[in-house]
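Q: Based on the provided sequences and hints, a complete structural model is requested.
Protein chains in written order, with my numbering: chain L, 349 to 462; chain U, 60 to 173.
A couple of the hints might just be wrong.
Claimed, not checked - Below, in silico cross-link-like pairs of lysine-lysine (BS3-like), each with a Cα-Cα straight-line distance of 25 Å or less: (1) LYS128(U) / LYS117(U); (2) LYS357(L) / LYS405(L); (3) LYS165(U) / LYS405(L); (4) LYS165(U) / LYS357(L); (5) LYS165(U) / LYS117(U); (6) LYS165(U) / LYS392(L); (7) LYS117(U) / LYS362(L).
For the record, the hints were derived by calculation from the structure and aren't laboratory data.
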Amino acid sequence: NAGVTQTPKFRILKIGQSMTLQCTQDMNHNYMYWYRQDPGMGLKLIYYSVGAGITDKGEVPNGYNVSRSTTEDFPLRLELAAPSQTSVYFCASRGGLGFYNEQFFGPGTRLTVL
Amino acid sequence: AQSVTQLDSQVPVFEEAPVELRCNYSSSVSVYLFWYVQYPNQGLQLLLKYLSGSTLVKGINGFEAEFNKSQTSFHLRKPSVHISDTAEYFCAVTQNQAGTALIFGKGTTLSVSS
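A: Here's what the structure looks like:
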């Protein structure tokens with residue numbers, strides 16, 4: 349199993365550009381999450397999904413959109429990139445029904461907006 | 060609302076010394092507690108978790124944590140650290156409730172030197 353994979357690893361955007369961060373998991377997990385990590389701030393939840401076709405906002409959703417058309421994929425869309433979106437983005441997935449189950453994280457996408 | 064406070068942002072120690080990384084949480088209901096580790100340029104991986112039962116939880120790589128309900132703490136310990144333990148450590152909490160997600164602390168950077 350590859351686990352959770354994310355592409356790209358690095359990206360530099362200009363202000364106002366758009367892009368999609370890809371996330372795929374091969375563990376048949378229902379729950380998927382997008383976090384952003386800023387230095388000294390821990391991880392903040394952007395969006396999450398409890399299954400195909402169902403998504404919901406997290407703590408910091410402004411400026412982002414998501415979709416979940418399949419169990420495996422959970423892409424994150426930035427429509428109009430802003431410098432405040434410079435961050436490291438992590439995708440994670442969780443299996444089972446228990447909220448105590450482990451979340452598995454991808455390796456991250458480092459995004460810089462100039 | 061839940062919150063997590065990691066009391067030390069940086070902890071420098073020498074190899075083979077013991078270490079304790081402190082974590083306090085606030086919640087009005089029962090919670091599940093986690094410690095995750097992030098090695099440089101990687102995603103997060105689970106070290107250990109507390110669900111219920113014994114308050115002393117053992118995890119991977121020789122780490123353990125003790126849950127103290129009266130102190131609302133979940134401190135992480137290792138009796139003898141190695142250079143390879145250099146990483147960022149995150150304490151996290153969640154509830155057994157639909158719609159909740161992991162709430163992370165801001166992280167503690169453990170630096171082990173020889």
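Q: All hints, please: hold or fail.
A: Hints and how they fare:
1. Pair hint LYS128(U) plus LYS117(U) holds up; C-alpha atoms about 17 Å apart against a cutoff of 25 Å.
2. Of the supplied pair hints, the one linking LYS357(L) and LYS405(L) holds, its CA atoms being roughly 24 Å apart against a limit of 25 Å.
3. A hinted pair counts as satisfied when its Cα atoms are at most 25 Å apart, and LYS165(U) with LYS405(L) qualifies at roughly 21 Å.
4. Pair hint LYS165(U) plus LYS357(L) holds up; C-alpha atoms about 23 Å apart against a cutoff of 25 Å.
5. Our distance criterion of 25 Å between C-alpha atoms is met by LYS165(U) and LYS117(U), whose separation comes to about 22 Å.
6. Between LYS165(U) and LYS392(L) the CA atoms are separated by roughly 10 Å; this keeps the pair inside 25 Å, and the hint holds.
7. Of the pairs offered as hints, the one joining LYS117(U) and LYS362(L) is violated, with about 46 Å between alpha carbons and a cut-off of 25 Å exceeded.
Checked against the numbered hints given earlier, the structure breaks only hint 7 and satisfies all the rest.
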